[in-house]
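All chains, full assembly: derive it from the sequences and hints.
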Amino acid sequence: MEALSKPIVIEDEEVCLYGIFRGVKDPKTVIVFIPALTGTRIGPQRMFVEIANHLNKENIGSICFDFPYAGDSIDKTHTNPLYLRDYYNFHLSKVCDFLLQEYPRSEIIFISISIGCMPILEFSEKNKLNKVILLSPNHLSKNKTIVNKHNIYAYFIKLFQFNTWRKLFFLKLNFGRIVSNVFYIKSKEKKNRNEENNHLITCGKVDLLCIFGENDPELMENQKFWKHNNIQGRFNNYDEYIVPNSDHSYMGWNSKEELLTKISNWLN
Amino acid sequence: MREKLEFIGLNKRNYFIHSHSPLQTNRETIIFFNPMFDEKKRVQKFQCETARALCRLGYTVIRFDYYGTGDSGGDTFEFDFSTVYSDFSYLIDHIKNTFSPEGIILFGIRLGADLALMNSISEPTIKHLILVEPIIDGKRYLLELRMRKKLFYNLNKIQSNKEQLLIQEQKFEDFQGYPMSFENLAYLEKMNLSDSNIIDKSVTIFKTNSISNKKLVVKFKEKIEIKKSSSVNIHYVDCPEFWAALESVDTSTLTQQIITFISNN
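Sequences listed follow chains X and L, in order.
Under the working numbering, the residues of the first sequence are numbered 72 to 339, in order.
Under the working numbering, the residues of the second sequence are numbered 908 to 1172, in order.
These are calculated hints, taken from the structure and not from any lab test.
Any given hint could turn out to be false.
[Said to hold, decoys possible] Result set (SDA-like, lysine to any residue): computed pairs, CA atoms no more than 20 Å apart in a straight line: (1) L:K1122 to X:K77; (2) X:K77 to L:G981; (3) X:K333 to X:E311; (4) X:K243 to L:P1147; (5) L:K1114 to X:R237; (6) L:K1064 to X:K128; (7) X:K238 to L:K1121; (8) X:K77 to L:I915; (9) X:K128 to L:P1147; (10) X:K243 to L:T1160.
[Unchecked claim] Computed footprint of chain L on chain X, listed as stretches where at least three residues anywhere in the stretch have a Cβ under 8 Å from a Cβ of chain L: (11) 107 to 116; (12) 176 to 190; (13) 200 to 206; (14) 297 to 311.
[To be verified] FRET-style restraints, in silico, Cβ to Cβ: (15) X:I145 to L:L1062: 44 to 52 Å; (16) L:E946 to X:L230: 32 to 40 Å; (17) X:K77 to L:K1003: 35 to 43 Å; (18) L:I1166 to X:L75: 36 to 44 Å; (19) L:L1062 to X:E292: 12 to 20 Å.
Ideal Cβ positions, reconstructed from N, Cα and C, are used throughout, including at glycine.
Here you go:
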């Protein structure tokens, strides 16, 4: 059977979501790629397309979607992306309705990266989808916003950017925001840690594959969170893999190859 | 406005095309040329917003991915500059047959600006080019890419990453997940826009204050204008975060300036 690529448009009065299907007609399994908040449907370094093409060879279909915040898709209701769970749930429900209609006999597996991971896991659990793949998964706070950004590290990188020094020279740096990012969120994060751990709404039905990058600065914290939830029995099965010499986005050809092999093995 | 996503076969290769068609067309078509590497991801929203804004003005806008990039067919390591050139005439034919445009404008961003300019040379019917942050000197761009890669690996404490890859018995250099063949690297090394032989074109450059290559852009304008074969205009745009910030930034100033320029001309 020859693999086909075809565009997918989900359009109603609220959204217009664009995606690309790759695979054979009536596939047994459809992997659905959901981007991170600032990601697009091809993924970092075209990773989603490469994984999809590889899985095609194993007769696994795939759909790569992009969401309105950073992609071509349109949200006519202007859902606030800062409320991540609401933002993802709104768009995922549109995607899910489409999938149930178009691929009623196929097994649906969501895959996402970074901040998109927790929303797809919770959505899968609610919609009785039993397998989920998470790439460099973060976690969300109870107030539904991002908490575990390593701001100090991000500011360190910014030190090397011309624009930072330009802003400093023209007194355009927002010192209040920097202080609150570095101190306020960090302390709040510690205070809420136990609450956050309990906040993952799953009840042990999902088979989960979590893949982390060895050099991801958030590795320790995120790994601890997901392992803790596994011990608490929140997943049916938990597989974890760390890609050596790799960062949060698996930069580098070898990291991508390793990721691809791991996903392919897990699915088979 | 009508948007259509489609895959078409050009020169036996599968290309992804996203077209924006206005309800009332002015019969002009604008073709977007993407930047390469992770720069493509960073301009996705800007491209999309600019394409829709141009479409509202009556232009048909065509966005496509080069073979081996984006949603188009081919493996990432199969991207080849020579393929971009060889398949461009097929793309132009497809656009002419589908949209019957009276005029075609090329719109390129970063490395896409260079590819747009080079491709326009072989198409005398293309008279206008809009280039956003073009890379004037390929050698310097390659140096910057290599430095950025080194800095990235050092900051992330990533060791033993292989500089050279062997894929299907061919050597490649890895640019943070994008393998580049030695032929492509040689092309980049030699690429210099100032040496290009563009005849009878009107080139408009949009230069933001986020990349410090202002002198090179001015030099390019002078060199082209000495030949008196084409005209070059430079528009400076205050959009400091266009290239400096890591993730999604507000590029509406740049889009607005492009729209104002196009509606006034």
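These are the hints, each one checked on the structure:
no.: 1; hint: L:K1122 to X:K77; result: violated (45 Å)
no.: 2; hint: X:K77 to L:G981; result: holds (15 Å)
no.: 3; hint: X:K333 to X:E311; result: holds (10 Å)
no.: 4; hint: X:K243 to L:P1147; result: holds (12 Å)
no.: 5; hint: L:K1114 to X:R237; result: holds (17 Å)
no.: 6; hint: L:K1064 to X:K128; result: violated (35 Å)
no.: 7; hint: X:K238 to L:K1121; result: holds (19 Å)
no.: 8; hint: X:K77 to L:I915; result: holds (10 Å)
no.: 9; hint: X:K128 to L:P1147; result: violated (44 Å)
no.: 10; hint: X:K243 to L:T1160; result: holds (18 Å)
no.: 11; hint: 107 to 116; result: holds (count 7)
no.: 12; hint: 176 to 190; result: violated (count 0)
no.: 13; hint: 200 to 206; result: violated (count 0)
no.: 14; hint: 297 to 311; result: violated (count 0)
no.: 15; hint: X:I145 to L:L1062: 44 to 52 Å; result: violated (36 Å)
no.: 16; hint: L:E946 to X:L230: 32 to 40 Å; result: violated (22 Å)
no.: 17; hint: X:K77 to L:K1003: 35 to 43 Å; result: violated (25 Å)
no.: 18; hint: L:I1166 to X:L75: 36 to 44 Å; result: holds (37 Å)
no.: 19; hint: L:L1062 to X:E292: 12 to 20 Å; result: holds (19 Å)
When the structure is compared with the earlier hints, violations turn up for hints 1, 6, 9, 12, 13, 14, 15, 16, 17 and for no others.
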